[in-house]
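Participant: Next come the chains, spelled out residue by residue.
2 protein chains.
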Amino acid sequence: MRIAVDMLGGDHAPHELVAGVAQALLSGDFTADELLLVGPQDIIAAQFAELGVSDVPEILHTTDVIAGHEKPIDGIRRKPDASILKAVAACRDGLAGGIVAFGNTGAAVAASTIGLGLLPGVRRPGIAVTLVGANGKFVLLDAGANPNPKPEHLFHYALMGAAFSRDMHQHSNPTIGLLNIGGEASKGSPLLQEVHKRLEDSGLDFVGNVEGNQLFNGVADVLVTDGFVGNMVLKVVEGFGERVIQVGHERGHDDQMKDVVRQLLGVSDFSEAGGANLLGVNGVVLVGHGRSKASAVLPALEIVRAEIKTGVNQHIVESLQAHTENV
Amino acid sequence: MRIAVDMLGGDHAPHELVAGVAQALLSGDFTADELLLVGPQDIIAAQFAELGVSDVPEILHTTDVIAGHEKPIDGIRRKPDASILKAVAACRDGLAGGIVAFGNTGAAVAASTIGLGLLPGVRRPGIAVTLVGANGKFVLLDAGANPNPKPEHLFHYALMGAAFSRDMHQHSNPTIGLLNIGGEASKGSPLLQEVHKRLEDSGLDFVGNVEGNQLFNGVADVLVTDGFVGNMVLKVVEGFGERVIQVGHERGHDDQMKDVVRQLLGVSDFSEAGGANLLGVNGVVLVGHGRSKASAVLPALEIVRAEIKTGVNQHIVESLQAHTENV
Numbered sequence: 001m002r003i004a005v006d007m008l009g010g011d012h013a014p015h016e017l018v019a020g021v022a023q024a025l026l027s028g029d030f031t032a033d034e035l036l037l038v039g040p041q042d043i044i045a046a047q048f049a050e051l052g053v054s055d056v057p058e059i060l061h062t063t064d065v066i067a068g069h070e071k072p073i074d075g076i077r078r079k080p081d082a083s084i085l086k087a088v089a090a091c092r093d094g095l096a097g098g099i100v101a102f103g104n105t106g107a108a109v110a111a112s113t114i115g116l117g118l119l120p121g122v123r124r125p126g127i128a129v130t131l132v133g134a135n136g137k138f139v140l141l142d143a144g145a146n147p148n149p150k151p152e153h154l155f156h157y158a159l160m161g162a163a164f165s166r167d168m169h170q171h172s173n174p175t176i177g178l179l180n181i182g183g184e185a186s187k188g189s190p191l192l193q194e195v196h197k198r199l200e201d202s203g204l205d206f207v208g209n210v211e212g213n214q215l216f217n218g219v220a221d222v223l224v225t226d227g228f229v230g231n232m233v234l235k236v237v238e239g240f241g242e243r244v245i246q247v248g249h250e251r252g253h254d255d256q257m258k259d260v261v262r263q264l265l266g267v268s269d270f271s272e273a274g275g276a277n278l279l280g281v282n283g284v285v286l287v288g289h290g291r292s293k294a295s296a297v298l299p300a301l302e303i304v305r306a307e308i309k310t311g312v313n314q315h316i317v318e319s320l321q322a323h324t325e326n327v
Numbered sequence: 001m002r003i004a005v006d007m008l009g010g011d012h013a014p015h016e017l018v019a020g021v022a023q024a025l026l027s028g029d030f031t032a033d034e035l036l037l038v039g040p041q042d043i044i045a046a047q048f049a050e051l052g053v054s055d056v057p058e059i060l061h062t063t064d065v066i067a068g069h070e071k072p073i074d075g076i077r078r079k080p081d082a083s084i085l086k087a088v089a090a091c092r093d094g095l096a097g098g099i100v101a102f103g104n105t106g107a108a109v110a111a112s113t114i115g116l117g118l119l120p121g122v123r124r125p126g127i128a129v130t131l132v133g134a135n136g137k138f139v140l141l142d143a144g145a146n147p148n149p150k151p152e153h154l155f156h157y158a159l160m161g162a163a164f165s166r167d168m169h170q171h172s173n174p175t176i177g178l179l180n181i182g183g184e185a186s187k188g189s190p191l192l193q194e195v196h197k198r199l200e201d202s203g204l205d206f207v208g209n210v211e212g213n214q215l216f217n218g219v220a221d222v223l224v225t226d227g228f229v230g231n232m233v234l235k236v237v238e239g240f241g242e243r244v245i246q247v248g249h250e251r252g253h254d255d256q257m258k259d260v261v262r263q264l265l266g267v268s269d270f271s272e273a274g275g276a277n278l279l280g281v282n283g284v285v286l287v288g289h290g291r292s293k294a295s296a297v298l299p300a301l302e303i304v305r306a307e308i309k310t311g312v313n314q315h316i317v318e319s320l321q322a323h324t325e326n327v
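Protein sequences appear in the order of chains B and V.
1 is the number of the first residue of the first sequence in the numbering used here; add one for each residue after it.
1 is the number of the first residue of the second sequence in the numbering used here; add one for each residue after it.
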């Protein structure tokens, strides 16, 4: 199945994205028939010619884009030909098996949810971000799709995250943690207390509440939280990491800082690599950072290809089914 | 006015705390008559003798302590002679003008709130943490005293934080930001939207919503958030900083990482320096990290002395009064 790439999303579109796709093709990591590009036909074709790409993927032409500052729902209503909507439609119609979308995250979430629908049993999609801790890769979700969740949503995020961790991070029996501000089951809001109870009764390998300072210490492979806290935590880490690099630079030990921070932010150092996975929608959707440059494209494509191949979505459906029957 | 020090709080009490007080005395930064120590008379006196401290501060004897893992309210009920309660009582009775408390944060907050009462106009105390961004020191509050605040509490935190920033960080007209997951006034919960409006109408130098990635970039001198998010953010940064140091160590560039992370965490690198300020109670209370070692004592004492001298609490009361009259 092809992967549809929204070539108009993000701060550096389409130039950096075309350069990134060109790299993926010229390196032999991807063939043209694995990709479906959504964006301005002429500009993309001209840049490919310049870069020496002869085997050009099919291009679905459009020049409309929902910009980063636009309200997702407004953009979706006003711009039926927006690149993200065309990419989603291509996926819905079977022309592609997955989507890579840089740019307006809210628009990608809304367009995917509306256009692809949700997987059976799922009530709300969640954004899963991969970071690197003392025990290797771990996934944090939700990172912003659902700031005000119900207990069931968070419980489903645990199941989705576990399926993702098994298939994509090779944790065969992933440990699940609930982000909270204290270790005891009685800590946090009534919402968190209820989710704590459900996870304890779930048969999952639940390690209990995880505090902020434990996030990177490998205590859990899947960290569950609401979209407000998840988004805040992710962005704080991103900003703090940038500041570490800056201060390191001012002090003359530039590269060391970058290396270390990049290792920890893993594929979520969005401007250079990968992106976040939208889980729960009936399709494979990777949302890249709006600041993504060319080097982010190949990792993003590889993640989507792996998700399709391992069948994460099928495993999510099976897991939700099993845990719903058990209740 | 003397500063009461709880010599039994934290993981390394009383040994490291006695060593820290000894350093403060032997360096000449503090005199014995500026301090009132609360803890085991014999042990403290013996260690002072060993360390060559001849001019020993008065010691209020007790051997009881509310441990880090104890529920604050249980500890307060069961241990009337607990060191934190004796320190608070000394402050209430005019024997001291401020308190340094390492150890159980919840117990320090509860004991201070019950024992000292709140400043006129204040409804809830808040924990203010000092961090260092691109524009120098900034204060983040609440960092955990009030996880489920009302709009008024957050508005008061802005006023308290501004008074603290003026007096303690020398920002004469501090900028105020509201931690949120998007820049627009319509972002976040109804709670945050209401606080946004109150801050806009307040006459304070309100810069609007601040996202997580902007926390360290100097955009605001005072960052307002609820105690759940504030505690999470603080601990995430602490844990991420530790992980940066660890990975740096594994890669052989140890000291650079430590320097940079310490600079950013400022006085809130709790195990080595300073602590968090409990604002809103009728007294000056600094809550140190439970992991504090000797080197944390002098900075903590200096902060409390400065808070007493600059009259932060008086300025908080005046600010609340002015802003209540304006409404």
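Honestly, the hints are just simulated from the structure, not real lab data.
Where hints are given, some of them may not hold.
Note: identical chains are not told apart, hence a pair may lie in one copy or across any two.
To be verified - List of simulated lysine-lysine pairs, BS3-like, C-alpha gap at most 27 angstroms:
#1 258 <-> 197
#2 137 <-> 258
#3 71 <-> 187
#4 309 <-> 197
#5 235 <-> 258
#6 79 <-> 187
#7 71 <-> 197
#8 79 <-> 197
#9 79 <-> 309
#10 79 <-> 137
#11 235 <-> 309
#12 258 <-> 187
#13 79 <-> 258
#14 150 <-> 293
#15 258 <-> 71
#16 309 <-> 187
#17 79 <-> 150
#18 137 <-> 235
#19 71 <-> 309
#20 235 <-> 150
#21 235 <-> 187
#22 71 <-> 137
#23 309 <-> 258
#24 197 <-> 293
Participant: Each hint should be assessed against the structure and marked as holding or not.
Facilitator: How the hints compare with the structure:
1. Proximity of residue 258 and residue 197 under a CA criterion of 27 angstroms is satisfied in neither setting, with 40 angstroms inside one chain copy and 39 angstroms between copies.
2. In this assembly of identical chains, residue 137 and residue 258 lie within 27 angstroms of each other by CA distance both inside one copy and across copies; the values are 18 angstroms within and 24 angstroms between.
3. Taking the shortest alpha-carbon separations for residue 71 and residue 187, only the inter-copy value of 11 angstroms comes in at or below 27 angstroms, while the best intra-copy value is 35 angstroms.
4. Within a single copy, residue 309 and residue 197 get their C-alpha atoms no closer than 34 angstroms, and across copies no closer than 49 angstroms, so neither meets the 27 angstroms cut-off.
5. In this assembly of identical chains, the alpha carbons of residue 235 and residue 258 lie at most 27 angstroms apart whether taken from the same copy (17 angstroms) or from different copies (22 angstroms).
6. In the homo-oligomer, the alpha carbons of residue 79 and residue 187 lie at most 27 angstroms apart only across protomers (23 angstroms), although the nearest pairing inside one protomer, at 45 angstroms, exceeds that limit.
7. When the C-alpha separation of residue 71 and residue 197 is checked against a cutoff of 27 angstroms, the pair qualifies only between copies, where the shortest distance is 20 angstroms, while the shortest distance within a copy is 37 angstroms.
8. With identical chains, the CA atoms of residue 79 and residue 197 are never at most 27 angstroms apart, being 44 angstroms at best within one copy and 32 angstroms at best between copies.
9. Taking the shortest Cα distances, residue 79 and residue 309 never come within 27 angstroms of each other, neither inside one copy (32 angstroms) nor across copies (61 angstroms).
10. Proximity of residue 79 to residue 137 under the C-alpha cut-off of 27 angstroms is found in neither arrangement, the shortest distances being 38 angstroms within a copy and 45 angstroms between copies.
11. For a Cα distance limit of 27 angstroms, the shortest separation of residue 235 from residue 309 qualifies neither inside one copy, at 30 angstroms, nor across copies, at 37 angstroms.
12. Within a single copy, residue 258 and residue 187 get their C-alpha atoms no closer than 36 angstroms, and across copies no closer than 32 angstroms, so neither meets the 27 angstroms cut-off.
13. Taking the shortest Cα distances, residue 79 and residue 258 never come within 27 angstroms of each other, neither inside one copy (39 angstroms) nor across copies (50 angstroms).
14. Taking CA atoms no more than 27 angstroms apart as the test, residue 150 paired with residue 293 passes in neither setting, with 36 angstroms inside one copy and 42 angstroms between copies.
15. In the homo-oligomer, the alpha carbons of residue 258 and residue 71 never lie at most 27 angstroms apart, since the shortest distance is 33 angstroms inside one protomer and 41 angstroms across protomers.
16. Proximity of residue 309 to residue 187 under the C-alpha cut-off of 27 angstroms is found in neither arrangement, the shortest distances being 40 angstroms within a copy and 37 angstroms between copies.
17. For the homomeric pair residue 79 and residue 150, neither the shortest alpha-carbon distance inside one copy (32 angstroms) nor that between copies (39 angstroms) is at most 27 angstroms.
18. With identical chains, the CA atoms of residue 137 and residue 235 are at most 27 angstroms apart both within one copy (18 angstroms) and between copies (20 angstroms).
19. Taking the shortest Cα distances, residue 71 and residue 309 never come within 27 angstroms of each other, neither inside one copy (33 angstroms) nor across copies (49 angstroms).
20. Taking the closest pair of Cα atoms, residue 235 and residue 150 come within 27 angstroms of each other both inside a single copy (23 angstroms) and across two copies (25 angstroms).
21. When the C-alpha separation of residue 235 and residue 187 is checked against a cutoff of 27 angstroms, the pair qualifies both within a copy, at 24 angstroms, and between copies, at 16 angstroms.
22. Taking the shortest alpha-carbon separations for residue 71 and residue 137, neither the intra-copy value of 32 angstroms nor the inter-copy value of 34 angstroms comes in at or below 27 angstroms.
23. When the C-alpha separation of residue 309 and residue 258 is checked against a cutoff of 27 angstroms, the pair qualifies neither within a copy, at 32 angstroms, nor between copies, at 42 angstroms.
24. Proximity of residue 197 and residue 293 under a CA criterion of 27 angstroms is satisfied in neither setting, with 43 angstroms inside one chain copy and 37 angstroms between copies.
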